[in-house]
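**Q** Please model the entire structure based on the sequences and the hints provided.
There are 2 protein chains.
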Amino acid sequence: MSIATVSRVLRNLPSVTPETRERVLLSVDALGYAPNPIGQALRAGHINAVALLVGDIGQGWYASLTRDMQVLLEREGMDLVLFNLGRSESRLNEVVERVISLRLRAVALATSDQIPSATIARIWRRLAEAGIVFIAIGHRVDGLGMPSIVYDDEEAGARAVSHLAQRGFAPIAYMGRIEKSMTGQVRFAGYLRGLIQNGLERDPSLEWSQTDSFRFTAGYNTMLDVRRRGVNFRSLIASSDELALGAMAAALDLKLRVPEDVAIIGFSGLEWAGYVRPALTTLDADTAAIAEQFSIGLKSALAGSSDSISAVIPRRLVLRDSA
Amino acid sequence: MSIATVSRVLRNLPSVTPETRERVLLSVDALGYAPNPIGQALRAGHINAVALLVGDIGQGWYASLTRDMQVLLEREGMDLVLFNLGRSESRLNEVVERVISLRLRAVALATSDQIPSATIARIWRRLAEAGIVFIAIGHRVDGLGMPSIVYDDEEAGARAVSHLAQRGFAPIAYMGRIEKSMTGQVRFAGYLRGLIQNGLERDPSLEWSQTDSFRFTAGYNTMLDVRRRGVNFRSLIASSDELALGAMAAALDLKLRVPEDVAIIGFSGLEWAGYVRPALTTLDADTAAIAEQFSIGLKSALAGSSDSISAVIPRRLVLRDSA
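Residue numbers (this note's numbering), protein chains in the order written: chain Y, 4 to 326; chain H, 4 to 326.
A hint or two may mislead.
Said to hold, decoys possible - Quick partial rundown of chain H residues pointing at chain Y, CB under 7 Å, derived from the structure:
1. 70
2. 83
3. 84
4. 248
Unchecked claim - List time: in silico SDA-like cross-link candidates among lysine to any residue, alpha-carbon distance up to 25 Å:
5. Y:302 to H:101
6. H:302 to H:148
7. H:258 to Y:260
8. H:258 to Y:264
9. Y:258 to H:257
10. H:258 to Y:321
11. H:183 to Y:74
12. Y:183 to H:74
13. Y:258 to H:260
14. Y:258 to H:274
15. Y:258 to H:322
16. Y:258 to H:310
17. Y:302 to H:183
18. H:258 to Y:322
19. H:258 to Y:257
20. Y:258 to H:282
21. H:258 to Y:174
22. H:258 to Y:256
23. Y:258 to Y:174
24. H:258 to Y:74
25. H:258 to Y:263
26. Y:258 to H:264
27. H:302 to Y:101
28. H:302 to Y:104
29. Y:258 to H:259
30. Y:258 to H:256
31. H:258 to Y:324
32. Y:258 to H:281
To be verified - Short derived list, chain H residues pointing at chain Y, Cβ under 10 Å:
33. 55
34. 82
35. 313
In short, the hints are calculated from the structure, not lab data. For glycine and all other residues, C-beta sits at the position ideal for the given N, C-alpha and C.
**A** Written as structure tokens, this is what we have:
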């Protein structure tokens, strides 16, 4: 038995007969060395871990998702390797190559950034060739045959508009990333649908596209700016709780009453949103449900199913004082 | 050359001559297989990744630390494997064994939970035997010869008292985990020192020990409870921003003015704390500085230094409106 053969077996390469493979593994096992996941991974071809690729771990939603994914994977005896993308597509490609060379079992790609379908399809194929499961979180790509888990953001956007319209809070503005965010676009589409459903006119001066990030300061500065310019609106749907709190802080600093002068709805359901005053009305984000669906999809894929799962998680409108 | 020999070399076990080892590795390399970090790790004995063990990734400070550690390790070409401890000592032992079997390069243990020095020392030895670097974050154990990175929490606690005393906000209460939290104990010691330095009497009715967790609801309920019982105090130091916001929400719901009736100082410097109203005065937590010190300690340890580093990171008092 040559070193080359041993190496081929340990590396799980083809062109070794099952008999030889078994003999090599038995010999290796017979050495009686303590359980060694790296050795086991080499034999199985993979380390029993999942790569979670997140847009920005410093944001509340990603941290919450990371916690729930970690709890769930732990239950399944798997580890979590965390990669922070920080909004760079070249970084995404690097990370995918890194995951392949580490031979992790699966990749969960969770970012609100807009990634071209062609890029996702390429990543998916590249990982599939390496025997690595790929599941997109937040990007609906099941139409392309790829598994994905998404929130029902369009429905959520429309529901927020209906809620505000019914309470007499029109004109309703929208604040969020639109151009470069997948989830942002879907929420914005829901906002537009909500306007139509409630017989409201679309007004481009009420569409406040945030180009930099989903953050407190962006929300704060945008609110100051639209008030300075005298834009006429009675309420605001912000596509994250961070933007919503920033906008609310600016409104309060301008001595506006929330919700009487400006009603505000956020997206995410972060824990602090219930403890700010006025407490923030928000469309919650059930990260535990995402993790559960990921687990189901992973098990199905590891069991050899080629069905692409597609889970759509509803968002609940959590009514508090801000709208 | 036997399979046993190849295996010993690949597993980096002793009793192989350097010549044989070199010959095996050359043969394996000569197979011309694509770079394979697992194979490389087996040869080097380790995967080029760091395990970050955190108390609770759902809490803002841990998420912030995770982001900064990730950015820093990425710069060094290393990956981050995240383990969430969730306050269980048996879980800690399991994770340590998992890290050893995965042969990661280093462990950063970041939890505010009180862990007996004997336990930390045992973990440190266990990891050292496996050639894995160990650095404690938040537990000062350099006196025992172990590397640690901590905030100067005693100084911070004392400074918070001085600030409140100078503004006429005595009597000053303290709210936080005391018994089972290492950092909580140190902050509380700083609070007691601050009282002495400012000529204030210690009053056990103003020491509100939180036994469950560092959370919004605990802060909220405690504030309701002490007000209901008529406890006399003018200000509050809360050992996390989460507790502080919960307490502030309860105070505002009780129609108290902040800071005029109750002044509040938190700990952590989380981003939302600057956008709640009134904006929260807090002792910030420079997680980027922790990550930098970790990097320095890791490089030193990997270079073979046996000096135990001990970095103490100061906390800045960020003055806003709540105190």
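**Q** Could you run down the list of hints and mark each one as holding or not?
**A** Do the hints match the structure? See the list:
no., hint, result
1, 70, "holds, 4 Å"
2, 83, "holds, 5 Å"
3, 84, "holds, 5 Å"
4, 248, "holds, 5 Å"
5, Y:302 to H:101, "holds, 22 Å"
6, H:302 to H:148, "holds, 17 Å"
7, H:258 to Y:260, "holds, 16 Å"
8, H:258 to Y:264, "holds, 21 Å"
9, Y:258 to H:257, "holds, 21 Å"
10, H:258 to Y:321, "holds, 24 Å"
11, H:183 to Y:74, "holds, 23 Å"
12, Y:183 to H:74, "holds, 23 Å"
13, Y:258 to H:260, "holds, 16 Å"
14, Y:258 to H:274, "holds, 22 Å"
15, Y:258 to H:322, "holds, 22 Å"
16, Y:258 to H:310, "violated, 57 Å"
17, Y:302 to H:183, "violated, 38 Å"
18, H:258 to Y:322, "holds, 22 Å"
19, H:258 to Y:257, "holds, 21 Å"
20, Y:258 to H:282, "holds, 15 Å"
21, H:258 to Y:174, "violated, 32 Å"
22, H:258 to Y:256, "holds, 19 Å"
23, Y:258 to Y:174, "holds, 20 Å"
24, H:258 to Y:74, "violated, 39 Å"
25, H:258 to Y:263, "holds, 19 Å"
26, Y:258 to H:264, "holds, 21 Å"
27, H:302 to Y:101, "holds, 22 Å"
28, H:302 to Y:104, "holds, 24 Å"
29, Y:258 to H:259, "holds, 19 Å"
30, Y:258 to H:256, "holds, 19 Å"
31, H:258 to Y:324, "holds, 16 Å"
32, Y:258 to H:281, "holds, 13 Å"
33, 55, "holds, 8 Å"
34, 82, "holds, 6 Å"
35, 313, "violated, 27 Å"
Hint violations for this structure: numbers 16, 17, 21, 24, 35, all remaining hints satisfied.
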